[in-house]
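Asks: These are the residues of each chain, in order.
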Amino acid sequence: MLTLRKAEDRGKSDLGWLKSYHTFSFGGYSDPNHMGFRALRVLNDDRVAAGKGFGAHGHRDMEILSYVLEGKLAHKDSMGEEHVLGPNEVQAMSAGSGVIHSEFNGSETEATHFFQIWLIPQTRGIAPSYQQFAYDPSEKHGTLRLIAGPDKNTNPPSAFIHQDARMYAAVLGSGDTITYTIPKGRHAWVQGAAGEIDVNGMAIKEGDGLAVSDEASLTIRGSGAGGGELLLFDLA
Amino acid sequence: MGDINALVVFYSRYGKAEKLALAAGLGAIQADANIRLRRVADHADTAMIAADANWKKNLDRMNRDYVAPRPADPVWADVIILATTADPSSELEAYVASLSSLGSMSGKIAAPLAQGNRESALKPISSAAEHCGLVVEACGDGEDPIDTARLFGQRVTEMARALKHRT
Chain B
203 MLTLRKAEDR
213 GKSDLGWLKS
223 YHTFSFGGYS
233 DPNHMGFRAL
243 RVLNDDRVAA
253 GKGFGAHGHR
263 DMEILSYVLE
273 GKLAHKDSMG
283 EEHVLGPNEV
293 QAMSAGSGVI
303 HSEFNGSETE
313 ATHFFQIWLI
323 PQTRGIAPSY
333 QQFAYDPSEK
343 HGTLRLIAGP
353 DKNTNPPSAF
363 IHQDARMYAA
373 VLGSGDTITY
383 TIPKGRHAWV
393 QGAAGEIDVN
403 GMAIKEGDGL
413 AVSDEASLTI
423 RGSGAGGGEL
433 LLFDLA
Chain L
23 MGDINALVVF
33 YSRYGKAEKL
43 ALAAGLGAIQ
53 ADANIRLRRV
63 ADHADTAMIA
73 ADANWKKNLD
83 RMNRDYVAPR
93 PADPVWADVI
103 ILATTADPSS
113 ELEAYVASLS
123 SLGSMSGKIA
133 APLAQGNRES
143 ALKPISSAAE
153 HCGLVVEACG
163 DGEDPIDTAR
173 LFGQRVTEMA
183 RALKHRT
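Sequence lines, in order, name chains B and L.
All residue numbers for the first sequence refer to the numbering used here, where the first residue is 203 and numbers rise by one.
All residue numbers for the second sequence refer to the numbering used here, where the first residue is 23 and numbers rise by one.
Simulated from the structure, these hints should not be mistaken for laboratory data.
Any given hint could turn out to be false.
Listed below are the simulated EDC-like cross-link pairs for lysine to aspartate or glutamate, each with C-alpha atoms no more than 16 Å apart in a straight line [said to hold, decoys possible]:
| no. | chain 1 | residue 1 | chain 2 | residue 2 |
| --- | --- | --- | --- | --- |
| 1 | B | K214 | B | D233 |
| 2 | B | K254 | L | D82 |
| 3 | L | K41 | B | E283 |
| 4 | B | K386 | B | D366 |
Isolated chain B (complex conformation) (with noise of 0.2 Å):
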C-alpha cells in the first residue's frame, strides 16, 4: 500500500528567517491524522537564512539527524561538540537523557536547506552522543547511500542510532532506476527531496512523502528533466 502525503499538504512555518514545511505535527502545526510513520517522528524541510538560526533549547529522548541540501550549518550543544556540515555531510546526535543544543545557518550570506528528521529510539535515557561523517557525492549517484541505521563501525561509515531502522540517499539521473527490497513485515517512507522521481509508478516531486506499507519491493526512478534526489527510511 503506497499513501503519499503531498507537499502543500505538509504544516508550514514561516517566522521570517525561517520557513519550513512539516511532514508531520511540528511546534505550532498539530494534526493527529499525521504524527508521524512508525519510528519517524519529525520530517522538517527548513530553509534558515543567512546568519539566524535556532538558538539554545533542549532535547531528550530522540535520535536527530540533519541532512544538508544547501548551504552550512552550524552546531554546538552541552557535549562541547562544535562543527558546521554542509551537503554530503550527516550529523546524528541521540538527545537521550537530554542535551541542549543550537543550531545556525553557518554562512552570514547565503541560505541553508536542509531536513532535520527526528526518531523515536527504542531506549529512553541512553547516553547523549554526537556523530558527524561526510561522504563523496558520487556515493549516492544512482544508487541508495546508507546514511544512518542500527549498526556500529559500517563501511562505508553511517550514523548509528538507536532504533531499528535505517536511511538511506540517492540521487537519480532521469531514467536511473533503483530497486529496494522491503523485508516481510517493514515499511518504508520515501522523501523526495529535489527534482522528480517516481515510486512504483507514483511520482514524487521535491517535498511529497510516501509512506509504504505490506509491499514486497520498491523500484524508483528519475524522472522528469533533470531526475531527483530522495531519502528511503526502512522501518520495523
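Fit chain L to the given chain B structure using the hints.
Replies: What follows is chain L alone, placed relative to chain B:
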C-alpha cells in the same frame, strides 16, 4: 513531552552564569521537563559594554543564542530557574520583581543560583521571588558548581512535579 515546564532565565556578562543556567537547564531536561532558556538584557549602556571587549564578544554571542524573556514564559512555567553573576544583578532582580505583573506565580517554584553561591547575589533574587508569591528553593553548595547546578535543575523539576500533581 514532559509534564513540567522549566523556564531558565539568567543574567551573564562573560558566560560563567550562562554555564550555570545551561547546567541547571540540562538537569531539568534530565528530569523530563520542557525548557525555555532566556537571557535578561543588560542595564549598562552600549558604550560601557563596547569598552569591555570580552563583555561585548560574549554579549554578541549570547544575543545570537538566546532571546529575552517573553511575558508568556513565566505563565507557562512550573519552575523558574534564575541564574546570576557573583555580583548582585539588578537586571535579574528587576525581572523577578516584574513577574507578579505577568500573572499569578502562586504554586510555582523559584530556583535561584549564583556564581560562587554568593549570598549577596542570591538574596535580592530570593526576596523578589518570595514577594511575587513564588516558593523559593535554595541551591546549596557543591564541589563542582556545574554539576551542582545540574542536580539542582533535576531537584527543582521533581519538586515542581510533586507540587503540580499533589492530591
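Asks: With reference to the structure, classify each hint as holding or not holding.
Replies: Status of the hints after comparison with the structure:
1. B/K214 - B/D233: holds (12 Å)
2. B/K254 - L/D82: The given pair, whose Cα atoms are some 13 Å apart, holds under the 16 Å limit.
3. L/K41 - B/E283: holds (15 Å)
4. B/K386 - B/D366: Cα-Cα ~14 Å, so holds.
Checked against the numbered hints above, the structure breaks none of them.
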